[in-house]
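Asker: Please arrange chain G on chain H, whose structure you already have, making use of the hints.
Protein chains in written order, with our numbering: chain H, 1 to 138; chain G, 139 to 571.
There could be a bad hint or two in this list.
[Unchecked claim] Under the rule of at most 20 Å between Cα atoms (straight-line distance), these lysine to aspartate or glutamate pairs were calculated in the EDC-like manner: (1) H:5 with G:483; (2) G:551 with H:62; (3) G:517 with H:42; (4) G:517 with H:27; (5) G:545 with H:62; (6) G:565 with H:42; (7) G:551 with H:39; (8) G:517 with H:71.
It is worth saying that the hints were derived from the structure and are not from the lab.
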Amino acid sequence: MKTIKQLSIFLENRQGSLKRILSALSDQNIEIQAASVADTNDYGILRLITSNQTKAAALLSDIGVLVNVNEVLAISIEDNVAAFSATISSLTDNGVVINYLYTFSKDGRLVLIVRPADMEKAELVASAQGFQLIQGWE
Amino acid sequence: MERKYWEEEIETMPRRQLEKLQVERLRKTVEIAMGSKFYAPIFRERGITPESINSVEDIKRFPFTTKNDLRSTYPFGIASVPLQKVIRLHSSSGTTGNPTVILHTRRDIDEWADAMARSMYATGLRDTDIIQNTSGYGMFTGGLGIQYAAERLGAMTVPAAAGNSLRQFKFIQDFGTTALHCIPSYATRLAAVFKEQGVDPRDTTVRIMIIGAEPHSEAQRQRIEELWGCKAYNNFGMSEMCGPGVAIECQEQNGMHIWEDNYIVEILDPVTLEPVPEGELGELVLTTLNREAMPLFRYRTRDLTRILPGECPCGRTHRRLQRFQGRSDDMMIVKGVNIFPIQIEKILMQFPELASDFLITLETVGDNDEMTVQVELAKATDDFQLLDNLRREIARRLKDEILLTPKVQLVGKGVIPQSDGKAVRVKDLRQNH
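Pulled out of the complex, with its shape left as it was, chain G reads as follows:
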């Protein structure tokens, strides 16, 4: 009989045992990171040693690591091992300032391939599949990361790489490709190419699509599934953690299992940096537990998500992350107060009178910042008083949350501008911004 999991013991490990494994691996990771010029002085200062780690809760003793830390230590300042042990380097583009560099030992590459193979297996991919990878094979981890994992899985892997849609079209048909790895927008574009060539993508052999590296909605996923007549699974990776293979949707397609044998997961309030109540929205903060060349502690991913409650029917015990809801670095500073669009969204969602779109406009009036929140009404009313009360109540509740009173403007459908099907949340028209 075919096995249900790639690594049953790890994937279905009881939570208590999983936490024990996390503690063990955190100790080991601290030991490794004592070799890092970046972390060693921090550990000394805070009295962090492998022996002093007793529970997952000890993670709170560590400082946060940010993308800025990666930039300021560019290229090798965080490395925990001698560079001679490093066999690969990946890097993200440096559109603002230095790029960031992530180093891998042979073991890191091996564990990464295994985690991504495990992820692929969870979507139903098998060694009988033919996987075409449309990611760039360069510094981007979506190329080699997927290649190694698909090979580990034992599937026939087609390293088609990015672009050249007509060639992708030909390969899919000639080789009988059964699975594609691509970014969601490319899945849609490629479907259009098929139609231009007079072939319905539904008639191809493609049955599974692994999509990621680009934020997308549930509606987009369903659209891809309809276009291709296949299943599409949301895959989360980030180069700082390794690359693809950090979390993935199983066949239940309800949240991404994050591999907790490899990461300690925290969901924190992006303002206070304290944990949010279980199940609430916050910033995903990750600590690597299975990396050597460049372990990172409490890395602020800036992605906003929540832990989905309850157990997954698939039997995996690793908790599930909700599809990402935005970025915590969308933070605005208004009159000296830190505000996230998500705080405003959270309040607005409590009003059944409102639809889901809103727009925050920031302007300079005199010497002051002024905030206007346009909210979309869900239905009309004949009662001015009702609208007026609604407006006042929204302003009041927002003030409780963000500590300043915005102007609230009620608008009808279709007024709030959209970009790429995603609502624009903030328009900053302030001088000096």
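Extracted from the complex, chain H is given alone in its bound form:
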């Protein structure tokens, strides 16, 4: 597996629901590498990459937060839009359908977190294209 773990958290559209999650993580010194919030009128999904996904998932569950753990691709590229564009092109040109993606900077490079519709296919394409894949910080 060349993937990393992602936490998807059900977030009510209510004041304080994000704060509760962040303070729980900070209390246990778990660092957030990347976060993305997608929302509808009533609820959202908070996606998180943290320094310790297993521990984060367990401690959030314990305080009654609904957490799902799944796999995503983390592709490390040069931090410029040309590299971003080239990477997305090689994925889509080779038939990879992207459900969603978000990015963050790390050590002067850009990391793309990609959730493809078909993970197996995306992994094959990523290997064939020689992408630099991060296999987790844990």
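Answerer: Only chain G this time, still in chain H's reference frame:
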């Protein structure tokens, strides 16, 4: 050898024979009720006579009796016998309108004591026990009803009555009380009093607790059992039927045996008033078969329950009622449609994606009623599509059941308000409600 049942012949009577007994007693009850100013004209109108009763199914020819009927005939309008034959009256509080009155002849009191003694015996209580009754000895049937039954059983009975927890504490220790009759919330409160006094309730001689007259969950029962280191048995009574002694859990603690020699049991859909399929949830409707002063036919208890399938290992043939699941008078009228929270619960329970709590909110939007159902997700997902489909599917299935489409809102754990550990099911914010 100690006998296993209080009245073996009745308690283990084969079903067919039990039904024959029911028919006999229904005939007798009709004969008695012909003396009631309330029932006599109804019987005439419907051609109901003792001779016309041939099977338990004939119960369908009777109209329902409701609490309202008891109120509108207050105090003695339903009586089937001359008041001179009545030796006791019990009454429920009249917080809304008239109170209700229930009358008893000497035989009624006698049969009632026997039914409750039979119930106590089924929990393992014996004449060697010391039973402390913490119910009020007044109009409430939990006082005298339990007193007479415990005496009938032959146990030493301590009529401690309600309240004064320090005195209860002292009595339990001084007398070596082995059994308590109380409402579930008092069992917990009294345990706290013991702890304040530095005594662990587990170290007392209390071994059996008869709890009832207050809705409670299985978790509450287990908590009481842990606190006291005893067995707690759910006991169902209602003053309209006599009082405590209508149904009780045996030592299997799996459903309450309802004494079918004394009652005809129906479980009906509270909307259509037709029987629900065997084993499904509906309103408990009871007909008394062993009462004289004030027999009631097809009395709508408003309690929602189901008949548990199969036979009980204890050998009693009287069917078992599940712990009550709520009240049918929680009915809401939304856009002219009658809806019960239980209908919504039933649908929501079919979704493994959901946890058990939900909240129905009713609001006035413009001139219209609007219903929102908040449902608690059981687990998270990374897939919006899944949540969206789930929401749509819930709305669709609810519409099939309640004939209008509610707004469905997905929420996480702990959002739905709780009151006394029980989820609040309905919040009615409509104007004029």
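Asker: Does each hint fit the structure? Answer for all of them.
Answerer: Now the hints, each set against the structure:
1. H:5 with G:483: violated (36 Å)
2. G:551 with H:62: holds (11 Å)
3. G:517 with H:42: holds (17 Å)
4. G:517 with H:27: Judged against 20 Å, a Cα distance of about 24 Å means the pair is violated.
5. G:545 with H:62: violated (30 Å)
6. G:565 with H:42: holds (19 Å)
7. G:551 with H:39: Satisfied, since the Cα-Cα distance of roughly 18 Å is no more than 20 Å.
8. G:517 with H:71: This hinted pair holds, its Cα atoms lying about 17 Å apart.
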